[in-house]
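Undergrad: The lines below spell out each chain.
4 protein chains.
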Amino acid sequence: MIDVQNQPDERGIKIHQTGVTRVHLPFLISDAGNVQQVAAQIRFTVALAANLRGTHMSRLTEILTEWTQRPLTISDVEKILLDALDKLSTDFAAITIAFKFFVKKFSPVSLKPSLSAVDCEFSGELSRGSRMKFTLGLNVPFTSLCPCSKEISDCGAHNQRSICRAKLTFANNDFDNVSIEKFVRLIEAQGSAEIFPLLKREDEKFVTEAAYHNAKFVEDILRDVVIALRGVENLSSFAVECENFESIHNHNAFAAHEE
Amino acid sequence: MIDVQNQPDERGIKIHQTGVTRVHLPFLISDAGNVQQVAAQIRFTVALAANLRGTHMSRLTEILTEWTQRPLTISDVEKILLDALDKLSTDFAAITIAFKFFVKKFSPVSLKPSLSAVDCEFSGELSRGSRMKFTLGLNVPFTSLCPCSKEISDCGAHNQRSICRAKLTFANNDFDNVSIEKFVRLIEAQGSAEIFPLLKREDEKFVTEAAYHNAKFVEDILRDVVIALRGVENLSSFAVECENFESIHNHNAFAAHEE
Amino acid sequence: MIDVQNQPDERGIKIHQTGVTRVHLPFLISDAGNVQQVAAQIRFTVALAANLRGTHMSRLTEILTEWTQRPLTISDVEKILLDALDKLSTDFAAITIAFKFFVKKFSPVSLKPSLSAVDCEFSGELSRGSRMKFTLGLNVPFTSLCPCSKEISDCGAHNQRSICRAKLTFANNDFDNVSIEKFVRLIEAQGSAEIFPLLKREDEKFVTEAAYHNAKFVEDILRDVVIALRGVENLSSFAVECENFESIHNHNAFAAHEE
Amino acid sequence: MIDVQNQPDERGIKIHQTGVTRVHLPFLISDAGNVQQVAAQIRFTVALAANLRGTHMSRLTEILTEWTQRPLTISDVEKILLDALDKLSTDFAAITIAFKFFVKKFSPVSLKPSLSAVDCEFSGELSRGSRMKFTLGLNVPFTSLCPCSKEISDCGAHNQRSICRAKLTFANNDFDNVSIEKFVRLIEAQGSAEIFPLLKREDEKFVTEAAYHNAKFVEDILRDVVIALRGVENLSSFAVECENFESIHNHNAFAAHEE
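Residue numbers (the numbering used here), protein chains in the order written: chain A, 97 to 355; chain B, 97 to 355; chain C, 97 to 355; chain D, 97 to 355.
Hints listed in this document are in silico derivations from the structure and should not be mistaken for laboratory results.
Even glycine gets a Cβ: it sits at the ideal position worked out from N, Cα and C.
Please note that the accuracy of each hint is not assured.
To be verified - Straight-line alpha carbon distances no greater than 35 Å define the calculated DSBU-like cross-link-like pairs of lysine-lysine that follow:
1) B:Lys-263 with B:Lys-200
2) D:Lys-183 with A:Lys-263
3) A:Lys-229 with A:Lys-278
4) B:Lys-296 with A:Lys-301
5) B:Lys-201 with D:Lys-175
6) D:Lys-175 with B:Lys-110
7) C:Lys-263 with B:Lys-110
8) D:Lys-183 with B:Lys-296
9) B:Lys-175 with D:Lys-301
10) A:Lys-200 with C:Lys-183
11) C:Lys-229 with B:Lys-263
12) A:Lys-229 with D:Lys-200
13) C:Lys-183 with B:Lys-263
14) B:Lys-296 with D:Lys-201
15) B:Lys-229 with D:Lys-200
16) A:Lys-200 with C:Lys-263
17) A:Lys-301 with C:Lys-110
18) B:Lys-183 with D:Lys-201
19) A:Lys-201 with C:Lys-175
20) C:Lys-200 with C:Lys-296
21) C:Lys-263 with B:Lys-183
22) C:Lys-301 with A:Lys-110
23) C:Lys-229 with A:Lys-200
24) C:Lys-200 with A:Lys-296
25) D:Lys-110 with B:Lys-183
26) C:Lys-263 with C:Lys-175
27) B:Lys-263 with C:Lys-110
What the hints assert, rightly or not - One side of the interface only, derived from the structure: several residues of chain D facing chain C at Cβ under 8 Å:
28) Val-199
29) Ile-248
30) Asn-255
31) Arg-297
32) Glu-300
33) Glu-305
34) Asn-310
35) Ser-333
36) Ala-335
37) Glu-342
38) His-345
The whole structure should be built from the sequences, with the hints applied where relevant.
TA: Structure representation (C-alpha cells):
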C-alpha cells in the first residue's frame, strides 16, 4: 500500500507544527500524589521536514492511547514528547493536555468538605537535544468586590465572580515541588475572597464580609498575583490574565501582564 | 441528472423535521420600526412525507437568501414558512432565527446613551391550513443581590450578573404591539437592578444602592417575571428561566417555570 | 441566624424547578460494570411550594458531594432524587448529569484498540409517590456519505462527520440491560460508516470504502436509527436528531424525529 | 465623589493591558467600500502606569459607543487607539474587534448568488509616538479531500469541512488595498475545493469532482496558503493554522506555521 504521506515535497517549507487536535482521552493525572482520571482534550503536534509531504498522524494517536494506561506526572510529559520525536522521526514535538482537576475545599466556618473544579493545562515543547519547556495553565475562580463602588455608595458594593488565567513556565525540569493545588491556593488568595462549592449560612456571612473588607479592582488582583508569582522559586516566566464578570455590566473588566 | 432525494422510501416513517441548521445570514430585523442588520443563525426545517427519501435542502437556503434583501418583521416569519410549504411541497415548516439585537439605554443618573446587546430568537411553526405559532425568545441580563447574604452579614451582600431566558408564545397573530425592546424593559425591571454598558461614577453609586435596597433571590426574580408576563395581554403561554452567576460559588443558582 | 429562604411568600406561585446548575463534580459512573471517573456537569433542582420564598440550595450541593464517593448506576439516580425530596421537603426533584464516557473501539482491520469519547447525559425526574422517569442522552458520532453526490458525480462523493443526539426514555425502572456502550454501538451502526480514534492505512481504506458503499442522507440515517430504537424492548419514548457537518457547505444538514 | 481609580499605587508594577472585554456593539465595518452592520465583540485595553491604582474603564466604553455611529475602516482603528491614548492618559492602547462579515458567492455552475459568513478580527496596537501595528484575523472555510484515502481506496475518498485561521500583520499603514474579501478568496482557493451556502445539483457535482481531483493533506493546504501569502506585497508577518474536521475520526487534523 502506497505511503502517500511519505512522498517528497518540493515546496521547501518546513512546517512548525502538524498533528491532531481535539482528541479526547481518559488520562490519569498525578498531581503531588493525588491521582485523578480526567477527560483530557489534547493537541499533539510535531514539526514536519521541508522535504516530506505529510506526517503520520495515527502514530500520534497511538502514543496518546498508550498513555491512558498509567498515571501521568508533569515529568512524564517529556517522555510523551521523546516518544513522538522517535516514532515520527522529527526534531520537534509539542503537546497541550487540557482537563478539569478537582481540588478539595473546606467551607470557612462550618468546615464542610467539597470539591472545586479547576481548568488546567499541561503544555510541553521539546526540541531534539534540549530539555522540555513546560507550561502549567490554570484557570482559578474567586470573588472580587469593587473598591470604587464600596467607597461611593452609602451601602453595599458590587461584586462578582472572577477568574485568573495563569500560564506558568518553569526554569528547570525539576517538577517535584510543582503542584496544581498549591498554585490554585496561591492564586485564589489574591481575590477579594475565596469561593466554595458548598456554603452554609455561617460560611456565606463569612465570605460576604471577607470580600467587603478586602475590596480590589481587577488591577489590584492582577498585581497581587504578579507579586505572589514572583515569590515562586523556579518560575522562568509567567503570563497572567484576570477577568471580572461585572455584576453591573453585561461585559467584563480585564487585566493582563507577563514577565 | 437523477433526483436521488425524490426517490421513493419504503420505511414508512414520516420525518417531523428535516432541513438546514447553523446557517449564518445577514437579516434586517424590524422591531417596532427599529431596523437593524443582524448576523442571524438559522435553523429551517420541513416535514418529510413517509414515501419520500429526502428533502431539497438547497431550496431552503434559496428562500433564506431571498429574505436577506428586505426588513423582516415577526409577521414576515409566516411568509417565509408559507414559502417553504409551497416550494418544498410539504405540510409543515419551522424556523428559528437567532440574533443579537441592540437596545438603547441611558445610564440612570448621567443619562449617557449606550447600546445593550440582547440575544433574541424568532421561532415560527406552520402547519398547512393553520396560522403560524410564533415564539419570541429573549435573554435579558440584570443584576441580582442575595437577601440572605444581606440579612446575615454585618456589611455588604453578594451580588452578581443574572440572566432571564424567556420564551413567549402569542395567542393570535396580531404582532403589532409585540416589541423586543418592550419585553426587555419589562423583564430587566424584575432584577435587583438594571445593568448598563456605560456607567459614570454617579451611575455606579445609583446601581449599587438600588440593588442593595432591592435584594432578591433567583426565585423572587422568577416569580416577579411570571407576574409581569401574566399581565401581558396576548400571550398564550410562556416559559421562563432565571440564572444567577453566583459570586460566591463557581456554579449558578437557577429557577424555571412555565405556564 | 435568620433563615431568609424559609420566609413565607405571598405571590402564590409554585415554582416548578429551582436549584443549582453548572456544578462540576467528579462522579464515578458505572455502566454495565464499567466504572469510569468523569468530570460531570450537573443541574439539580426541586419544586418550591407556593408559600415558601426560597429553597436551600446548599443542601443540593451537599447531596451531590456525598455522591462523589461511590459508583453511580442509573438506578442510583433515583436515590439521589429521593434524598432531595427528603432533605428539601419537596414533592418533585430533577437532575441532569452530563459527562464524557469512553467506549473501547478496535480499528476494523488492524484491530488496534483505542478509546472513543461519547457525550452522555443521565436525566431523572421524580414526583413524590411515583417512580423516577429516566432519560439517557447520547451524542454518537459517525461518518455520512451523500447518495446524491455519489450518484451525480463521475468520481468521489462528499462525506463528513455526523452526530446523532438521542434521548431515550425507559418504560419501567429495570435498568439492568441498559448500557451506554450498547446504545452507542446500535446508533453508530446506522451511519454510512463507523469512525475511530485510531486508524492505520488498511483501516482507512476500509472505512473509506465502507462509507462509499453505504451512501445515506441525513434522513436515511435518522429513519434507520428510528427503526433500530423501535426494536429496543423497554423504551417508552425517544427523541432523535441527526446532524451532518456538510463538507460542501459551512452549515449543517439536520433531521429530527420523536415518538 | 472620590476617584478611587486615581489613587496612587505603591506596588511598582506597570500593567501591560487593562480594560474591558466581551463588549458587544453594533459596528459599521467598511471593507473596500462594502459597509456592513455587524454585531462586534470587542476587547479594548490600555497600559496602566505603575503609580496608578486603576484605569477609567467607562471612558473606554464611551469611546467605543461613539464609534457605533459611523463606518469603521482599518485605518480608523488607529483613530480609536489615539483616542484611548488621549482620554486615558496612557502610552499604549490595544483593541480587538471580532465580527462576522458576509462575502457574496456565486455557485460554480448555476451561478446562484448567496452569502458566506467569515469570522473576522481587526486587531490594533498603538504605542505613543509610533504607528499602529494592525493584524487582520480571518477564519476561512473550505473542503479538503485526503490524498492517502483516495490513493489506497478502490472508490471514494474521505473529505470534510476545513478551516484556515490566518492572522495577517501589515508592513506599513497603507490599508488601501487590504480587503477581507480579497484575502478570503486567496485563502479558500488553497483548499481541495471552495464551499458555498447554496448549491444546486449541477453545482454539487462540480464541487464533489473538483475536490476529488485536487486531493490535499492539511499540510498541503497549509503550505499552499503560505506560498499564497508570501506573494502578498505589504505583509510584514503572518501566522496560519489549518484544521480538518476529519470525517473518519472524532478529532481533527491540524497544521500551523508562521513567518
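Undergrad: Run every hint past the structure and note whether it holds.
TA: Quick rundown of the hints versus the structure:
1. B:Lys-263 with B:Lys-200: holds (22 Å)
2. D:Lys-183 with A:Lys-263: Given that 35 Å is the threshold and the Cα spacing comes to 32 Å, the pair holds.
3. A:Lys-229 with A:Lys-278: Cα-Cα ~20 Å, so holds.
4. B:Lys-296 with A:Lys-301: Within the cut-off at roughly 30 Å; holds.
5. B:Lys-201 with D:Lys-175: holds (25 Å)
6. D:Lys-175 with B:Lys-110: Given that 35 Å is the threshold and the Cα spacing comes to 58 Å, the pair is violated.
7. C:Lys-263 with B:Lys-110: holds (19 Å)
8. D:Lys-183 with B:Lys-296: At roughly 14 Å apart (the allowed maximum being 35 Å), Lys-296 of chain B and Lys-183 of chain D satisfy the hint.
9. B:Lys-175 with D:Lys-301: Measuring from Cα to Cα gives roughly 32 Å; hence the hint holds.
10. A:Lys-200 with C:Lys-183: holds (24 Å)
11. C:Lys-229 with B:Lys-263: holds (25 Å)
12. A:Lys-229 with D:Lys-200: violated (45 Å)
13. C:Lys-183 with B:Lys-263: holds (32 Å)
14. B:Lys-296 with D:Lys-201: violated (45 Å)
15. B:Lys-229 with D:Lys-200: holds (33 Å)
16. A:Lys-200 with C:Lys-263: holds (34 Å)
17. A:Lys-301 with C:Lys-110: Answer holds: Lys-301 of chain A to Lys-110 of chain C is near 28 Å, not above 35 Å.
18. B:Lys-183 with D:Lys-201: holds (23 Å)
19. A:Lys-201 with C:Lys-175: holds (25 Å)
20. C:Lys-200 with C:Lys-296: With Cα atoms ~17 Å apart, Lys-200 of chain C and Lys-296 of chain C stay inside 35 Å; holds.
21. C:Lys-263 with B:Lys-183: Measuring from Cα to Cα gives roughly 32 Å; hence the hint holds.
22. C:Lys-301 with A:Lys-110: holds (28 Å)
23. C:Lys-229 with A:Lys-200: holds (33 Å)
24. C:Lys-200 with A:Lys-296: The given pair, whose Cα atoms are some 42 Å apart, is violated under the 35 Å limit.
25. D:Lys-110 with B:Lys-183: Roughly 63 Å between the alpha carbons, so the hint for Lys-110 of chain D and Lys-183 of chain B is violated.
26. C:Lys-263 with C:Lys-175: The hint holds at about 21 Å.
27. B:Lys-263 with C:Lys-110: Status holds; Cα separation ~19 Å.
28. Val-199: Violated - the Cβ of Val-199 of chain D stays beyond 8 Å from chain C, reaching only about 11 Å at its closest.
29. Ile-248: holds (5 Å)
30. Asn-255: holds (5 Å)
31. Arg-297: For Arg-297 of chain D, the interface hint holds, since the closest Cβ of chain C sits about 6 Å away, which is under 8 Å.
32. Glu-300: Holds, because the Cβ-Cβ distance from Glu-300 of chain D to chain C comes to roughly 6 Å (cut-off 8 Å).
33. Glu-305: holds (5 Å)
34. Asn-310: Check failed: Cβ of Asn-310 of chain D comes no nearer than 11 Å to chain C, outside 8 Å.
35. Ser-333: Constraint on Ser-333 of chain D not satisfied, violated at 28 Å.
36. Ala-335: Ala-335 of chain D check fails; min Cβ-Cβ to chain C is 22 Å, beyond 8 Å.
37. Glu-342: holds (7 Å)
38. His-345: holds (6 Å)
Consistency with the previously given hints fails for numbers 6, 12, 14, 24, 25, 28, 34, 35, 36, ordered from lowest to highest.
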